[in-house]
Each structure stands twice: as C-alpha cells, then as structure tokens.
Amino acid sequence: MTSDVANESPEAKKAIFRSLVDIYARAAVEELEAFVAPDYVGHTAAGKRDLAEFRSSIINFHAIFEYEADSFLVEDQFVEGDKVATRMTAHVKMRETGEPVTMLGINLAIIKGGKIHEEWNTWEVLRPPGATENASAAPARDSLSTWG
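Here my numbering is used: the first residue of the sequence shown is 1, the next is one more, and so on.
If you're looking for bench data, these hints aren't it; they were derived computationally from the structure.
Every residue, glycine too, gets a C-beta built ideally from N, C-alpha and C.
A couple of the hints might just be wrong.
[Said to hold, decoys possible] What follows is a set of in silico ranges between Cβ atoms, one per label pair, in the way DEER data are often shown: (1) P10 <-> E96: 39 to 49 Å; (2) P100 <-> P10: 27 to 37 Å; (3) E75 <-> P100: 15 to 25 Å; (4) G98 <-> P38: 33 to 43 Å.
When you get a sec, could you build the whole thing from the sequences and use the hints?
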C-alpha cells in the first residue's frame, strides 16, 4: 500500500484531524503545514480564514486560555469519503483568572491527500448551573468560532 492510499483510509483521516487537535493544544503552529493544505479555508461564524489566519487564531486563543496536552477530548469521529466529522470537548482555564471553562465543539473537515483543505466548526461554552456571563468569564460565543 502506498503512503497516498494509506493517507486516504478512514482511520488515517481521523488521525490527521486528531494531529491537528494536538497541534492546537500545544500551540505548535510550526507543525501546521504537515497537516493543513496551503489552500486551506476555514469557515467560522466570524467568516472565512486562510492558513495564516488559522495560525493567528491558535496563538490568540493560547493568550486567552491555558491548555494542557489533554485539554481536548475527541468524543466521536465519523468519516464519509473526504469528510471527517468530529465532536469534541475542551477543558481549559482562563489565563487571567484560572477559572475552568468547558467547551463543546463540532467540526467538519475535508481531508484529501493527507491534508486538511477545508473545515467548518462551531463551539459552545458550557457554564455551571447558576453561572452568569461576565467580562472575566469565557469570551462571547461568536469569538469562540474562530477556532478551527
């Protein structure tokens, strides 16, 4: 089996996306090109973004949140053709306050030739019962949509 064929298997596509999640958690933006195509397009509530903007998003979110190596838990992944759907949970802390934040994310990625070419995502912040939104808590929902 050639590496091109191996990169097109459902398990390989899941692994590629999981590698992206790991890169994100570590802020290892120098590793993005190994998994993300140069013509990458990310679709978020904030609009479309290219690879450079995705890189900036990772850096910006690491300025807001503290991440651990296991901050992201991939709950489910499904592959159909070039599409990889992933449901995940992120457990992070606000850098400013140390307050824990839990977010649920859904991502749909197009993976061809071993690289992510396009993706759509949405994130929702979970709050404990009785918690209120305030400026010192997690950012507004639409600001979370810039994750990719």
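Outcome of the hint check:
Against the hinted window of 39 to 49 Å, the Cβ-Cβ separation of P10 and E96 comes to about 41 Å, which satisfies the hint. Look at P100 against P10: about 34 Å separates their beta carbons, and that is inside 27 to 37 Å. The hinted window of 15 to 25 Å between E75 and P100 holds, with their beta carbons roughly 18 Å apart. A beta carbon spacing of about 38 Å between G98 and P38 agrees with the range 33 to 43 Å that was offered as a hint.
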